[in-house]
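Engineer: In the order they appear, the protein sequences are chains C and G.
Going by my numbering, the first residue of the first sequence is number 1, and it counts up by one from there.
Going by my numbering, the first residue of the second sequence is number 1, and it counts up by one from there.
Calculated from the structure, these hints are not laboratory results.
Hints should not be assumed to be uniformly reliable.
To be verified - Below, simulated DSBU-like cross-link-like pairs (lysine-lysine); rule was C-alpha separation at most 30 angstroms, straight line:
hint, chain 1, residue 1, chain 2, residue 2
1, C, K75, G, K90
2, C, K75, G, K31
3, G, K31, G, K577
4, G, K90, C, K73
5, G, K660, G, K865
6, G, K797, G, K668
7, G, K797, G, K660
8, G, K643, G, K660
9, G, K797, G, K865
Unchecked claim - To give an idea of the interface, some chain C residues facing chain G are shown, with a C-beta separation under 8 angstroms as derived from the structure:
hint, residue
10, R51
11, W60
12, S71
The model shown is predicted, which means the values in this text are computed figures rather than measured ones.
Backbone N, C-alpha and C define an ideal beta-carbon position, used for all residues, glycine too.
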Amino acid sequence: MRQPTQPVFLERRTYRRRRMMDAARLLPVIGVLLFLVPLLWQPGENATTARGVSYVFVIWAVLIVAAGWLSRKLKQPEGDEPSK
Amino acid sequence: MISFNLLVFVCLAYVAMLFLVAFAAERRAEKGAIGWLRSPLVYTLSLSIYCTAWTFYGAVGYAVRSGLEFVTIYLGPTLVMIGWWWVVRKLVRIGRSQRITSIADLISSRYGKSNFLGVIVTLLAVVGTTPYIALQLQSVTLSFAVFSGEDGPWNLQDLNDTALLVAVGLAFFTILFGTRKLDANERHHGVVTAIALEAVVKLVALLAVGVFVVWGVADGPTDIMARIDASDIAQWEPAGGRWATLIFLSAAAFICLPRMFQVMVVENADERHVAMASWAFPLYLFLMSLFVIPIAVVGLGVLPGENPDLYVLTVPLSLGQNGLAMLSFLGGFSSATSMVIVAAIALSTMVSNHIVMPIWLSARRGGATVSGDVRNVVLLSRRISIAAVLLLGYLYFHFSGGSGALAAIGLISFAGVAQVLPALIGGLFWRGATRIGAALGLMLGFAAWAYTLFLPSFGDTFLMSANMLENGPFGISWLRPRALFGVDGLDPVVHAVFWSMVLNTGAFFLGSLFSFPQPLERLQGAQFVNVFEHSRNAPGWSRSAAEAEDLLIMSQRILGAQQAQALFQRAATRQGKQGYYPDTTPDFIEMLERELAGSVGAATAHAMVGQIVGGSFVSVEDLMAVADETAQIMEYSSQLEAKSEELSRTAGQLRDVNEKLTALSVQKDAFLSQISHELRTPMTSIRAFSEILMGGPMSEAEQTRFSTIIHDEAIRLTRLLDDLLDLSVLENGQVTLNWQDSNLHDVLERAVSASGSMDTDQALTIIRDISAEDLPLVTDSDRLAQVFINLIVNARKYCDAAAPKLTISAVVRGPEVTVDFVDNGAGIPRSSQAVIFEKFSRLTDKSQAGGAGLGLAICREILDKLGGSITYLPGQVGAGFRVALPAVRPDAQANAAE
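Could you put the whole structure together from the sequences, leaning on the hints where they help?
Structural biologist: The structure is reproduced here in structure tokens:
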């Protein structure tokens with residue numbers, strides 16, 4: 001019988017780490033798309049600088065938080081995962 | 001109002017503090033106590049040299065002119081940093097594993113260490129950075145001018161003087177801390193610490209002004225929002241093209257600017273710092289730009305009509321906040337100085353490594369081997385380069401008259417350095433990118449940028465006439481600098497970025513597709529693109545102890561552990577130090593290099609030591625020399641290999657011969673004792689029986705019996721002596737052969753009947769194929785019969801089977817006739833097969849009469865004379881012999897017989 005203890009756990013870690021890398025690669029793409037959204041706004045009553053400031057800075061803050069979270073996950077160099 | 005003198009005093013005090021900080025950091029680093037000097041926080045803060053005086057003062061001015069568009073300049077770098085996993089991480093890893101010293105070095109290194117590309121990038125960087133340095137000088141002078149209001153308005157001369165003073169001061173600081181020593185990896189602890197401090201100052205200053213504006217002047221965020229809506233910039237109207245182009249441009253510039261590359265890649269101490277910078281630097285930018293719009297709006301309200309580029313300074317000043325204004329001034333001063341210092345260091349490294357050093361080295365051939373010598377030249381050339389770069393900046397400022405909005409100059413500069421992007425990104429991700437493609441792309445992009453943006457920016461005063469700008473050169477309308485190929489009505493920056501990037505990327509791509517890379521290029525390409533498969537996180541080289549350790553490890557591999565350790569220990573003792581790690585002084589390096597050169601050749605040693613001590617000294621020539629030496633060594637070693645193979649073959653042959661000789665010598669001894677025994681036995685019986693005969697009367701019968709024995713023994717002696725005689729005659733070639741036509745069947749018949757007549761106890765069955773034997777021969781049939789008899793008698797004597805059988809078979813094989821004699825006995829052991837044909841060899845101790853071990857030797861001699869051969873036939877039931885005979889008389893044999 002195979003004992004589903006450590007190996008499975010480690011596999012899972014590696015798998016998670018790979019997905020985090022994918023997320024880190026995707027994040028700037030999402031950022032570009034979000035920052036280009038204001039271009040779609042039609043000139044008019046609603047399209048004010050105040051609104052633009054709110055939008056850009058909120059997106060910016062969200063990206064910083066996301067990048068911070070990802071960098072915590074990815075800080076360890078590859079292969080340095082603790083192997084107990 | 002603050003007095004101008006106080007301002008100058010504060011300014012000088014601030015500079016003095018920077019000196020102290022930089023000096024302390026250098027001291028700390030020298031002692032090896034790096035610690036927080038190289039923390040991720042310091043790394044992140046050092047990246048902030050992206051935020052120059054352009055950012056500090058210019059962003060507000062930009063916001064007043066174009067609303068929210070200013071933010072694009074920060075969004076690009078934000079995207080690059082949160083996308084660190086793509087580019088920045090790879091750049092840093094390559095920078096560390098290849099010991100890259102500048103962006104020009106990176107491009108040159110990637111494309112086969114091509115110095116041509118290094119020169120192009122260096123020129124591009126100098127041309128692109130000069131306006132930017134002028135911009136910094138301008139903003140510092142303008143901010144001084146703001147405070148000079150009390151002493152009367154400044155004229156142009158005062159501005160120029162201030163700019164000159166600032167430039168000289170910056171040059172002094174940069175030379176002092178940027179070229180103190182030739183660091184292995186171009187790391188400057190003092191400078192980095194100082195600019196980290198300046199980063200804090202400028203952030204705090206801008207935030208303080210922002211907080212003052214939002215909560216001191218206005219009534220908090222809600223009021224600010226209301227004021228924005230009420231201001232001139234209330235309407236959201238970004239030009240779509242500009243918005244996207246500027247995000248792209250700032251992202252590209254963030255990677256390609258020489259000063260950004262310097263702090264981001266070259267000064268990086270640990271790859272993990274990038275992970276923190278990936279969110280912390282965007283946060284820094286976020287904070288830097290958070291209050292730009294509020295300051296702009298409030299400035300528009302408080303000081304309408306004044307220069308919006310200086311609102312950060314003038315708004316607090318006009319509202320009586322002198323302390324805040326002073327802080328703000330220091331913030332602007334910090335922004336300008338840190339940018340100029342790092343840019344000057346980066347440019348001077350590039351200029352000295354890619355322009356001055358190659359010229360110097362080619363000017364004095366062969367002199368480059370003295371490493372201490374070169375170091376001094378490099379330091380000197382860097383110092384001069386720093387001064388020259390700042391001089392250029394000052395001249396630009398002087399002649400452009402300090403005109404133009406800050407933002408416009410900044411964007412021109414960005415677009416210039418962004419031309420490196422295709423070659424850089426292509427080099428990182430595409431192995432097919434070649435030197436020719438990169439050179440074409442860079443040159444075309446550079447030309448397009450200069451034609452569409454840089455030169456027109458001087459207006460109609462410089463190089464381009466108004467007529468040319470309006471109607472194109474020679475009236476060719478589709479070559480108009482601001483409407484290339486008829487693309488009219490675009491914003492100049494968007495137009496220039498679009499065309500330069502399209503032409504640059506296109507030329508790069510096509511050039512790469514249709515050219516073939518050199519070997520070194522392909523090697524470097526693979527190392528760059530697959531850097532994560534080839535390298536681990538390289539250890540830091542920052543401390544000199546680490547360097548000595550690396551040198552020791554390398555030397556041990558080459559010289560052997562004990563010798564290398566002794567060498568290092570001696571050097572350390574000579575320097576008055578304990579242990580194995582001497583200081584890596586030029587003398588020591590030189591000595592070590594010479595030691596290593598003894599083992600691996602001069603060029604290799606130079607390259608290896610250079611790799612550890614200063615990567616920038618490994619030139620293409622070094623590598624070529626290494627390759628040459630290696631080729632020579634390989635050729636030499638292959639010759640040696642061939643020789644040693646030949647020797648071992650000869651040795652093997654000698655060993656075989658020696659073994660044979662030894663065996664023969666043993667046999668000869670055995671034979672001598674045998675022959676004496678053989679001679680002695682008949683002699684003894686002859687003597688004994690003659691004595692009996694002489695002794696006295698005996699019967700007739702007895703007398704007959706004894707004399708018969710004596711007779712038989714005498715015959716046996718005679719036969720033995722005959723054999724010996726026969727062999728000696730045959731060996732000396734004195735035998736006369738009687739060549740005649742005969743038939744194999746007749747010869748065999750005679751031999752069988754002759755051997756059958758010999759009396760023996762054992763009955764031997766002889767199996768023959770009579771029909772196959774009927775073969776004509778030209779030979780000496782008597783001699784041949786002698787051979788056959790010998791073989792048959794041998795079989796009769798030595799075949800130890802219960803029912804001994806001898807098979808005789810004759811076969812024609814080409815020009816030869818072979819006759820095989822195979823019995824069914826035990827055969828001859830393999831070890832004896834080599835010696836049975838030698839004289840005196842006798843395998844068993846069976847003492848049959850006449851068995852002196854000469855029979856087979858005689859057979860071999862006879863067949864030799866007859867032009868045939870006799871060999872042992874292995875792999876049969878018992879012992880087998882093959883007699884091979886020529887069917888006709890060989891001519892050579894005829895000659896030998898005469």
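Engineer: Now, for every hint given, state plainly whether the structure supports it.
Structural biologist: Hints versus structure:
no., hint, verdict
1, C/K75 with G/K90, "15 angstroms, holds"
2, C/K75 with G/K31, "29 angstroms, holds"
3, G/K31 with G/K577, "15 angstroms, holds"
4, G/K90 with C/K73, "18 angstroms, holds"
5, G/K660 with G/K865, "24 angstroms, holds"
6, G/K797 with G/K668, "22 angstroms, holds"
7, G/K797 with G/K660, "26 angstroms, holds"
8, G/K643 with G/K660, "26 angstroms, holds"
9, G/K797 with G/K865, "26 angstroms, holds"
10, R51, "7 angstroms, holds"
11, W60, "5 angstroms, holds"
12, S71, "4 angstroms, holds"
Comparing the model with each numbered hint stated earlier shows that all of them hold.
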